[in-house]
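S.K.: If you read the protein sequences in the order shown, they are chains P and C. This note's numbering puts the first sequence at residues 1 to 119. This note's numbering puts the second sequence at residues 1001 to 1143.
Derived from the structure by calculation, the hints contain no laboratory data. Glycine included, every Cβ here is placed at the ideal spot set by N, Cα and C. Incorrect hints may have been included.
[To be verified] So the derived list for chain C, only partly shown, Cβ under 8 angstroms to chain P, looks like this:
hint, residue
1, 1048
2, 1051
3, 1053
4, 1063
5, 1066
6, 1067
7, 1074
8, 1077
9, 1103
10, 1104
11, 1112
12, 1116
13, 1132
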Amino acid sequence: MRSEYERRGGWSWITQVISGLLLIVLVGLHMIAQHFIVEGGLRTYQDVLAYVSDPVIFTLEILFLVVVTYHALLGVRSVLFDLGLSEAQERRVTQILVVIGLLTIGYGVWLSLYLIGQA
Amino acid sequence: MSSTEEYLEESKTYPGHKVRRPGSQVSRWFAPWKRGLGTWGFVLNRVAGLGLVLYLFLHLAVLSLLTRGQEGWDAFITLAKSPLFLLLDVVLLAGILGHGLNGLRVALIGTGLLVRWHRPLFIAVAVIAVLGLVAGALLFFSA
Chain P
1 MRSEYERRGG WSWITQVISG LLLIVLVGLH MIAQHFIVEG GLRTYQDVLA
51 YVSDPVIFTL EILFLVVVTY HALLGVRSVL FDLGLSEAQE RRVTQILVVI
101 GLLTIGYGVW LSLYLIGQA
Chain C
1001 MSSTEEYLEE SKTYPGHKVR RPGSQVSRWF APWKRGLGTW GFVLNRVAGL
1051 GLVLYLFLHL AVLSLLTRGQ EGWDAFITLA KSPLFLLLDV VLLAGILGHG
1101 LNGLRVALIG TGLLVRWHRP LFIAVAVIAV LGLVAGALLF FSA
């Protein structure tokens, strides 16, 4: 049962699959780097600053943020569309979710850059 | 035009799309016993997915504590290592494993790769998820 994805030409389903596959890797890396290899399971403030200042880590975390936000909000869109919205309502939902997504990514990038500035 | 009529009108624009009344798809989530394993997977993916969306935004909100400097963050770290939080971490891991592995299963079947193997695939995914959850939980509480 693919519900909304299937009847909308499939672009959202395909990109959801691709972002989902990417997330399996990115969530795995995030969990291992942020929690499993860290003594006590969580980084202290100074450790967080040092961690996020590493260009490779910064790039991976921002990529993770973008992909997870896209995947999450596309999933919410699919659930909302299954409620049986009109075309106008669907367009409005998409617009609102795009704004939420951009704000979320903007916040994450700002927070990371702010922390790098504190290091 | 009522919302139902609008919906029915709209559905005509999608050739081959079966006309449904609004809400019927949602009510199906709560009656999975009428269907097979695939529907259980569908329900699991939606429920776990919505839970993970909620967690994502909570997580990002909590990270704002980092702007309060060392005191604000390290106080939270102490709290986050309490048994209750560790238990919530196990719930989170269950959500990630369930949604991630089940999503992988949906991708493999939806793209037509392993349609014939959908039942063993479901069982394999469930076994890996449970093993991963037990290993993760042991790691959380032993750290």
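S.K.: Each hint: holds or not?
M.R.: Hints, verified against the model:
The criterion of a C-beta within 8 angstroms of any C-beta in chain P is not met by residue 1048 of chain C, whose closest approach is roughly 10 angstroms, and the hint is violated. For the restraint placing residue 1051 of chain C at the interface with chain P, the shortest Cβ-Cβ distance is roughly 11 angstroms, beyond the 8 angstroms limit, so the hint is violated. At about 5 angstroms, the closest approach between the beta carbon of residue 1053 of chain C and any beta carbon in chain P falls short of 8 angstroms, and the interface hint on this residue holds. Checking residue 1063 of chain C against chain P: minimum C-beta separation of about 6 angstroms stays under 8 angstroms; hint holds.
Taking 8 angstroms as the C-beta cut-off, the interface hint given for residue 1066 of chain C holds, the closest approach to chain P being about 6 angstroms. With a cut of 8 angstroms, the hint placing residue 1067 of chain C at the interface with chain P holds, because the nearest CB-to-CB distance is about 7 angstroms. Among the interface hints, the one on residue 1074 of chain C holds; its C-beta lies about 6 angstroms from the nearest C-beta in chain P, closer than the 8 angstroms criterion. With 8 angstroms as the threshold, the beta carbon of residue 1077 of chain C comes within range of chain P, its nearest partner Cβ sitting at about 5 angstroms, so the hint holds.
For residue 1103 of chain C, the interface hint holds, the least distance from its beta-carbon to any beta-carbon of chain P being 5 angstroms, beneath 8 angstroms. For residue 1104 of chain C, the interface hint holds, the least distance from its beta-carbon to any beta-carbon of chain P being 7 angstroms, beneath 8 angstroms. With 8 angstroms as the threshold, the beta carbon of residue 1112 of chain C stays out of range of chain P, its nearest partner Cβ sitting at about 12 angstroms, so the hint is violated. At about 18 angstroms, the closest approach between the beta carbon of residue 1116 of chain C and any beta carbon in chain P exceeds 8 angstroms, and the interface hint on this residue is violated.
Given hint, residue 1132 of chain C at the interface with chain P, is violated; its Cβ is 11 angstroms from that chain's nearest Cβ, farther than 8 angstroms.
Figure legend: structure checked against the earlier numbered hints; hints not met, in rising order: 1, 2, 11, 12 and 13.
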